[in-house]
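S.K.: Make the full structure from the sequences, and use the hints.
For the sequence shown, the numbering used here gives the first residue as 1, with consecutive numbering after it.
Among the hints, erroneous ones may be present.
Here are the in silico distance ranges between beta carbons for each label pair [as the list claims (entries may be wrong)]:
#	residue 1	residue 2	range
1	I31	W55	13 to 23 Å
2	M37	Q14	26 to 36 Å
3	Q14	E35	30 to 40 Å
4	T6	D42	42 to 52 Å
5	D8	S33	46 to 56 Å
6	P16	E43	35 to 45 Å
7	V44	Q7	49 to 59 Å
8	E43	Q14	41 to 51 Å
9	A40	T6	36 to 46 Å
10	G25	R45	25 to 35 Å
11	R29	P54	20 to 30 Å
12	Q7	R38	39 to 49 Å
13	E43	Q7	47 to 57 Å
Just so you know, these hints were derived from the structure itself, not from any lab. Glycine is no exception: its CB is placed at the ideal position from the N, C-alpha and C atoms.
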Amino acid sequence: MRQLITQDTIQHYQNPRVLRGASIGERQRTILSQEAMRAARDEVRTWPATPPPPW
Numbered sequence: 001m002r003q004l005i006t007q008d009t010i011q012h013y014q015n016p017r018v019l020r021g022a023s024i025g026e027r028q029r030t031i032l033s034q035e036a037m038r039a040a041r042d043e044v045r046t047w048p049a050t051p052p053p054p055w
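M.R.: In structure tokens:
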């Protein structure tokens, strides 16, 4: 079923609260991915007989 884009939908996505929530979500994803990379690097460094990665 095709969904029509109504004026209400447009106003919803132009709402500053919605936009702020989207940017907060984007920042949260960035922080989580940075934490995941840090954890992966730390885990690789703890593997036995493995030289540390170049970063």
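S.K.: Taking 42 to 52 Å as the stated bounds, is the beta-carbon spacing between T6 and D42 within them?
M.R.: 49 Å, holds
S.K.: State, for the Cβ atoms of Q7 and R38, whether the hinted interval 39 to 49 Å holds or is violated.
M.R.: 45 Å, holds
S.K.: Honestly, do G25 and R45 meet the 25 to 35 Å range at C-beta?
M.R.: 31 Å, holds
S.K.: Just tell me: holds or violated, for the beta carbon distance of A40 and T6 against 36 to 46 Å?
M.R.: 44 Å, holds
S.K.: Could you check the hint for me, namely that M37 and Q14 are 26 to 36 Å apart, CB to CB?
M.R.: Cβ of M37 to Cβ of Q14: about 34 Å, so the range 26 to 36 Å holds.
S.K.: Does the beta carbon distance between I31 and W55 stay inside 13 to 23 Å, or does it fall outside?
M.R.: Hint holds: Cβ distance 19 Å, inside 13 to 23 Å.
S.K.: Take a look at whether the Cβ-Cβ distance between V44 and Q7 falls inside 49 to 59 Å.
M.R.: Cβ of V44 to Cβ of Q7: about 52 Å, so the range 49 to 59 Å holds.
S.K.: Is the hinted range of 41 to 51 Å satisfied by the C-beta distance from E43 to Q14?
M.R.: Holds - the Cβ-Cβ distance for E43 and Q14, about 43 Å, lies within 41 to 51 Å.
S.K.: Take the C-beta atom of D8 and the C-beta atom of S33, compute their distance, and say whether it sits inside 46 to 56 Å.
M.R.: At 33 Å between Cβs, range violated.
S.K.: Within 30 to 40 Å: is that where the Cβ-Cβ distance between Q14 and E35 falls?
M.R.: The hint (30 to 40 Å, Cβ to Cβ) holds, given that Q14 and E35 are roughly 32 Å apart.
S.K.: Can you tell me whether the CB distance of E43 to Q7 sits inside 47 to 57 Å?
M.R.: For E43 and Q7 the Cβ distance comes to about 50 Å; the hint holds.
S.K.: Taking the CB of P16 and the CB of E43, does the distance hold inside 35 to 45 Å?
M.R.: 40 Å, holds
Checked against the numbered hints above, the structure violates only hint 5.
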